Every structure is written in structure tokens, then in C-alpha cells.
Amino acid sequence: MAKSSNLDLDEKEFAESEPPTSMKVNPIIQEIIAAKVMADNEEREPSGRLSAGKLGWPTQWQVLNYLKVPQKPLDEYTLRKFARGKDVEERIMKWLAPAEDKMQVEVKYRDVVGVADVILDYPIEVKSITNLAFKYKQKEGASRSHKLQVELYAKALGFSKYGVAYVASDDYRVLCFEYDVSDEVDKVIDRYEAQLKIGTVPVFKEEEKWQSMKDYCIYPEFLKLDEEGIVKRLKELGLESTYKA
Numbered sequence: 141m142a143k144s145s146n147l148d149l150d151e152k153e154f155a156e157s158e159p160p161t162s163m164k165v166n167p168i169i170q171e172i173i174a175a176k177v178m179a180d181n182e183e184r185e186p187s188g189r190l191s192a193g194k195l196g197w198p199t200q201w202q203v204l205n206y207l208k209v210p211q212k213p214l215d216e217y218t219l220r221k222f223a224r225g226k227d228v229e230e231r232i233m234k235w236l237a238p239a240e241d242k243m244q245v246e247v248k249y250r251d252v253v254g255v256a257d258v259i260l261d262y263p264i265e266v267k268s269i270t271n272l273a274f275k276y277k278q279k280e281g282a283s284r285s286h287k288l289q290v291e292l293y294a295k296a297l298g299f300s301k302y303g304v305a306y307v308a309s310d311d312y313r314v315l316c317f318e319y320d321v322s323d324e325v326d327k328v329i330d331r332y333e334a335q336l337k338i339g340t341v342p343v344f345k346e347e348e349k350w351q352s353m354k355d356y357c358i359y360p361e362f363l364k365l366d367e368e369g370i371v372k373r374l375k376e377l378g379l380e381s382t383y384k385a
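With the working numbering applied, the sequence shown corresponds to residues 141 to 385, in that order.
Source of the hints: derived by calculation from the structure; they are not laboratory data.
Note that the coordinates shown come from a computational prediction; the quantities given were computed from them, not determined experimentally.
Note that CB positions come from ideal geometry on N, CA and C, so glycine has one too.
Possibly wrong hints are sitting among the right ones.
[What the hints assert, rightly or not] Listed next, the in silico DSS-like pairs over lysine-lysine satisfying Cα-Cα at most 25 angstroms (straight line):
#	residue 1	residue 2
1	301	208
2	208	248
3	194	327
4	337	248
5	364	375
6	301	248
7	327	384
8	337	194
9	349	327
10	212	349
11	301	277
12	208	194
13	208	384
14	354	364
15	349	208
[Said to hold, decoys possible] Derived DEER-like restraints, expressed as beta-carbon distance ranges:
#	residue 1	residue 2	range
16	180	318	34 to 44 angstroms
17	343	323	23 to 33 angstroms
18	253	180	18 to 28 angstroms
19	163	343	46 to 56 angstroms
20	253	179	25 to 35 angstroms
21	364	235	37 to 47 angstroms
22	320	248	16 to 26 angstroms
23	163	340	48 to 58 angstroms
24	211	343	12 to 22 angstroms
25	366	169	45 to 55 angstroms
26	311	355	18 to 28 angstroms
27	281	355	18 to 28 angstroms
28	180	323	32 to 42 angstroms
29	235	172	26 to 36 angstroms
Make a model of the complete structure from these sequences and hints.
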């Protein structure tokens, strides 16, 4: 699922707004679905491993994940968005009908793991976005985090190109961007490994704008902390401020 932008924030605000008071609304379906969505969201302890989907994270988040610091729980709205993204991806896969060994392909590159959605001419990741966001993607291209994710798949599988396919969730239009494999994935992994050798949690530095937004920051309590504040917070969580990778 596509990560966040101001467009997503506007959509969330609209989704959570109250209907006009002149209309009578029965909340029964909304409440049943909300309860089911939250119940299905089983909280899991972070694995501590760096995966393809985390390559676009700030280094601070990557290190906190390594230390298995719990992330901010996902809210109902975000869980619904993930569910929609899964539904859209499954529909696209039915239409593409790839061979079984060409979809959901597990990969590993420099100890970073991931699962490629589909391999056609090269690995392609399918991302569901709103129709409004689709319009902007036509001008902006794929996001950094999505490109890093699929570039890792390409490197692991020996391809020189990869693709990021955005699907407009209202009408299933598809915009598939093609890119050449670069050295960006290796740079990110090098930086991560270097930080682990240093053995400290760095201050927050966003890689994409959405990461510093309150609704989407997964470690909000570390967002504005300096080095001293990070050490203090880690101790409050019962963690050492330094570690050995």
C-alpha cells in the first residue's frame, strides 16, 4: 500500500468527519466492521530484521526496529487502507494470472529479506492508491521507498530493471513506472550497517515528508529527541543506550 501524503491526510479527515445533523445514520455496519478490523490486527513483536519495505525508512527507525522497540499501534483507518490495498492487489493478480513461481517470490539480498509481488519482464511491486493520488503520481513518479523496495528484489534476482505499479483503487487504472537498477539500495544498507557498528540510535532525519507527520510517524516519541533525549527514553523502555550489533 502506498505510504502517506497530504492527499491521504485530507482523505482521512473526510472519512472521519461527522455527517450533517439533518441526516439519520445507523452506525451498525460501521461498528461491526471496525470491531472486526481491530480484532484481526494481531500485534506482533518486531522481528528486528531489516526488510525491503523498511529500506526507505529513516535510519533512526531502522535501528529502533533492530532493537525491537514497539511501533505506534495502527489505527482503524490505516488498517482499513491496508485491507483495501490487499483487495486491490489480489484483483490485479487474478487479472495478470502469472505462473505460481512468478508471484509472491521470497528474496534475500545482503541479509535484507522481502517478497516480490510479481515477476513479468522484471520484478514489479503493486501499490494501491486513491484516484487523486494517482493523478499526482503521473507527475511525480514512484516514491523513494517503493523504488528501494523493488530495487532490492531486482538485485536479489539478478535483474537490471524493475517496476512500481500504482493502481487507482476506484477504477483500477494502472501506472507502471520502469527504472534501472542503481546503487541506492547498497548505499542504504551500508549506512544502516555502519550505524549498527557505532551502536547508538541516531536522531530522526526524514527521508520522505510523510515520515515526520504525526499521523504516520511510527516512532513519534523519538521524533524530536536529541541524542541525550534518545538515551533517556531508551533507558525508560528498559533498553541500553548503546548496543553491539
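What hint numbers does the structure not satisfy?
-> 1
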